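> Quick note on numbering that gives the first Met the number 0: the sequence shown kicks off at 0 and runs consecutively.
Hints listed in this document are in silico derivations from the structure and should not be mistaken for laboratory results.
Careful, some of the hints might be misleading.
Computed beta-carbon distance windows for the label pairs [to be verified]: (1) Ser-329 x Ile-122: 22 to 32 Å; (2) Thr-285 x Gln-148: 58 to 68 Å; (3) Ile-121 x His-306: 15 to 25 Å; (4) Val-172 x Asp-296: 25 to 35 Å; (5) Asn-73 x Thr-201: 37 to 47 Å.
Calculated pairs, BS3-like style, for lysine-lysine (alpha carbon to alpha carbon, straight line, at most 30 Å) [claimed, not checked]: (6) Lys-284 x Lys-234; (7) Lys-248 x Lys-284; (8) Lys-248 x Lys-234.
If you're wondering where the values come from, they're calculated on a predicted model, not measured in any experiment.
For glycine and all other residues, C-beta sits at the position ideal for the given N, C-alpha and C.
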Amino acid sequence: MIGEMRTNPIRRHMFNYKSLLKLLIYITLASSIFESSSASGNTTDNIIINEVDSDTPGTDMLEFVELYDGGIGNTDLTALVVVFYNGTTDTSYAALDLDGFATDGNGYFLIGQSGVSPDPDIIFSGTQNGADAVALYIGDDDDFPNGTQVTTENLIDAIVYDTNDDDDSGLLVLLNDGQPQVNEDGGGAKDDHSNSRCPNGTGGVRNTDHYVQKDPTPASDNICDSVLVVEIDVKPGIDPNLINCHNVKGVIPVAILSSEQFDATSVDHTTVSFEGACEAHVSSKTGELRRHEEDVDENGYIDLVFHFLMGDSDLDCGSTVGKIVGETFSGETFEGSDMVQMVQ
């Protein structure tokens, strides 16, 4: 008993020194990445989780997790560890140390099952199907023995995903406030789709609102050309975006925002829906949906503003994100999302 009292503090200090060394190594590497990215005009200075395929056809042999460095390439991953969490217990079931590994020349690093092509940099047994999570930390696999509780200490990035499962509040702490749990069956083809950041590499660390369900693209750019991601603002000029989930007649204004890169007035307003709801304002003379153009964010570009009824939408008291979809006059499909805060 006395020996244990003397040994445990020493082991604790050894762990702290080891973790500190890891942190110092990562800071050095991150500084190097930032300098390289600045020189090339690429501002992505963090490794992110870029794509996750957790459910594949038949007996799962094609599951993978893809990391991405923003296209810098050959980025040293030493000091990082990927941790897998089981939503049943909200504890870890696997941890893969990345010491000695690096991204490829295009910036990708692949963790996958033996059937994945190209060959993964690390072969592993596979992911849980959800609600579960994958997280990227500064640390060692020794820091995350199986059964480790969810933690945000030294956390870099994470995705919480499911296949038509309820939200897991215990895992959602891994994400930034208001960010959604991602449904791999969001496109209606969970076996054939992966969760992919679109546009490729975007969204930022611990953010999941840029994940969409697309054909898997391990160790290559995500397929995003078919859907344009636009910026929207729920309840323009108001923050947070409070919505009464019981007021079925409540009107929710949503603006599709214009910028130098995108002209919201190119949107065909008759094709637009927000969480299943269509524009609520109709012309009394023609019966057609009204069109409302206004520069709501005062950036010099005309935005397109919609008004949706809460009762017409699929939002409920547990919703955290509102998603809009539609087409431009030229037939290009688009989608956009913004955080919402439901009140009762």
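> I'd like to know which numbered hints this structure contradicts. Please list them from smallest to largest.
1, 3 and 5
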